[in-house]
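K.L.:
Based on the provided sequences and hints, a complete structural model is requested.
Residues per chain are reported as follows:
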Amino acid sequence: MTYYAFIKDNMIDGVGQVKCLNPEILNIEISEEVFNNIDHYIWDGEAVVLDPDYEEKQKQKERERIAQLHLTRGDVFRALLMAKGVTRAQLRQVIENLPEETNEQSITKEMALIDFDEALDFYRGVALIDTVGAQLGITPEQMDRFFETNDWHELVTVE
Amino acid sequence: MVNKLTNTVKPLDEVDKINEIIDALDNIDVPIRNIGEIVISTTPLTDAGLHLLDGALIDGSGSYSAFVTHIAGLVSTYPDLFTTESAWQTAVTNNGICDKYVYDNINNTVRLPKWGIQAYTKPSSVSISTATTVPVIGNGLTLGLTDGTVNAGMYQADYLHTYTGAYGTNVGSTGTPGSIIPRPHTIGVTTDSTKSGLVAQTANLSTVSLTQYPLNCYYYIVLATSTKTDIQVDIDEIVTDLNGKADVDLTNLSNTQSSNFDGQWVYSSLTVANSVAVSSNNVAYSLSSYLPNDGYNYEVLLSCICYTDATSGHFSRIALTSDLIVNYINIAQVRTRTASTVDAAGNCIIPVGAERIITFVGSTSASFGGTYTIVARGYRRIGTNQ
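Top line first, the protein sequences correspond to chains U and F.
Counted from 1, the first sequence has number 647 at position 98 by our numbering; the numbering is strictly sequential.
Counted from 1, the second sequence has number 1649 at position 249 by our numbering; the numbering is strictly sequential.
Hints in this document: simulated from the structure, not taken from any laboratory.
Every value quoted in this text rests on a predicted model; they were computed, and no experiment measured them.
Some hints here could point you the wrong way.
On the chain U side, residues computed to face chain F include the following (Cβ under 10 Å) [said to hold, decoys possible]:
{"hint": "1", "residue": "GLY563"}
{"hint": "2", "residue": "ARG614"}
{"hint": "3", "residue": "THR636"}
A few chain F positions that, by computed beta-carbon distances, are all more than 12 Å from chain U [said to hold, decoys possible]:
{"hint": "4", "residue": "GLY1462"}
{"hint": "5", "residue": "SER1465"}
{"hint": "6", "residue": "SER1689"}
{"hint": "7", "residue": "GLU1699"}
{"hint": "8", "residue": "GLU1755"}
{"hint": "9", "residue": "ARG1756"}
{"hint": "10", "residue": "ILE1758"}
{"hint": "11", "residue": "THR1759"}
{"hint": "12", "residue": "ARG1780"}
Derived CB-CB ranges, DEER-like [stated by the list, open to error]:
{"hint": "13", "chain 1": "U", "residue 1": "GLU653", "chain 2": "F", "residue 2": "ILE1725", "range": "34 to 44 Å"}
{"hint": "14", "chain 1": "U", "residue 1": "ARG614", "chain 2": "F", "residue 2": "GLN1733", "range": "33 to 43 Å"}
{"hint": "15", "chain 1": "U", "residue 1": "ASP558", "chain 2": "F", "residue 2": "GLY1695", "range": "58 to 68 Å"}
Cβ atoms here follow ideal geometry from the backbone N, Cα and C, with glycine treated the same way.
P.N.:
Below, the structure written as structure tokens:
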């Protein structure tokens, strides 16, 4: 059985067990192990080699994935009420109390108020979430798990 | 008459040719005989409708089923023509021949009479010889006399007296008269003790002998109502074989004929492309290492999945074409409405020609983004075009 990595624009662009006939695509013969784990490899201009940054790339992918997790406004407010006993008014007050001594701080505070007031869904990757979490003693990891599961118990501080 | 070819799998012109030959053979005059008739020949005969009268067992399920059926029909109306198997065997053992049939209604077989292969001429001469003496073999005991070692006397009376006592009138009886026989005449008889039984006349006896000469001839019985030539028998068997083959067996088809039939599916999995980015241009893939290199067109079963990128509003799609299809076929398409990837899956059976090429159809849309995967799961030959 023959395996190929398709090289396009000096990058690995997929794999297959047949040859691609397009002239702009290079068919590089690879092993079955490489074929089954192609995301661990890169094209260095001459050969298919292990990617030294694979782990970091995977972490970045994970971060990007988590950042895209989202819950409705109601999910978040209910969870914070159950886990921390805070109301929406109290949460807004938390944002109101953010410093605005510098221009950057003012923009950050205003962006947070816009998200709080206007967003239909809260995305994990939005800075507001980490800001509120920090004020309420919720760690980033707890917040990740909450956005993964929508389970308010993840927000409860374990003594 | 030889059976005609009836199957229509063979090309029509070949069927016509064979049937023309059969028509010609049917015009050949052949002798007509009746089942059960005897045919005598001075030389061995090879007619397929004849069988030597050698006591062979004829099976009712074989070529002479009509003969067996005919003989079986005679059992009740002509019972004298038949005997049992054991009686038949005994007759042949004792006499070398048996002129009867044996019908086995359980196994539907007929045992033929056994006549042998020799007849005899009429007697060609009769000779008579005379004997001068014949041994005397009797001493008159049957005349009622006692054993020859004893001299006995016979009395002839003037008139017959009736006596009582032990005297009787049976031959050989002896007794003592109850009273004196008046004026008897005695006849003395002495028998010969070395002889017994009847006394035969000794003179002028004749013997007769017959002389016959054997004739070698072959006795055959007609098993079929008409005989066929060897060629007719061969044609008949060929036609029967061909008619049967056409119904149940296609392995005797020629290459031209077999190309008209689709092949069986071959289930073989192969990744054509995995996680390849969708593109604005078409991307062609060669299946020459997957499909047989025999010049036939093939149907290929493909399983496909496409993913969008994580840009809201972007779409991904799999549309394919091949070296046989003029346009393309849509397999799957999906669009994401969030900043997340979504996917769609589909499958198809796509015809592939001698160039063995399938092509992913690209899109120049700015919203076209993501990856696709195509896996082949099987193929089979298309027989109708080559």
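K.L.:
All hints, please: hold or fail.
P.N.:
Structure-based check of all given hints:
Against a cut-off of 10 Å between C-beta atoms, the interface hint on U:GLY563 holds, since the closest Cβ of chain F lies about 3 Å away. Among the interface hints, the one on U:ARG614 holds; its C-beta lies about 9 Å from the nearest C-beta in chain F, closer than the 10 Å criterion. Because the beta carbon of U:THR636 sits about 29 Å from the nearest beta carbon in chain F, more than 10 Å, this interface hint is broken. No beta-carbon of chain U comes within 12 Å of the beta-carbon of F:GLY1462; the shortest separation is about 57 Å.
Taking the minimum C-beta to C-beta distance to chain U, about 60 Å, the non-interface status of F:SER1465 holds against the 12 Å cut. With 12 Å as the threshold on Cβ separation, the claim that F:SER1689 sits away from chain U is violated: the shortest Cβ distance comes to roughly 6 Å. The Cβ of F:GLU1699 lies farther than 12 Å from every Cβ of chain U, with a closest approach of about 17 Å, so its non-interface assignment holds. Against the 12 Å criterion, F:GLU1755 falls within the reach of chain U, whose nearest CB is about 10 Å from its own CB.
The beta carbon of F:ARG1756 sits about 9 Å from the closest Cβ of chain U, which is not more than 12 Å, so the claim that it is off the interface is violated. The beta carbon of F:ILE1758 is not kept farther than 12 Å from every beta carbon of chain U, the shortest such distance being approximately 9 Å. Chain U draws F:THR1759 into its interface by the beta-carbon criterion, the shortest separation being 8 Å against a cut-off of 12 Å. At the 12 Å boundary, the C-beta of F:ARG1780 stays outside the reach of chain U, the nearest C-beta of that chain being 18 Å off.
A beta carbon spacing of about 59 Å between U:GLU653 and F:ILE1725 contradicts the range 34 to 44 Å that was offered as a hint. Against the hinted window of 33 to 43 Å, the Cβ-Cβ separation of U:ARG614 and F:GLN1733 comes to about 24 Å, which falls outside the hint. Range check, U:ASP558 to F:GLY1695: Cβ separation about 37 Å, and the 58 to 68 Å hint is violated.
In terms of the numbered hints stated before, the structure departs from hints 3, 6, 8, 9, 10, 11, 13, 14, 15, listed from lowest to highest.
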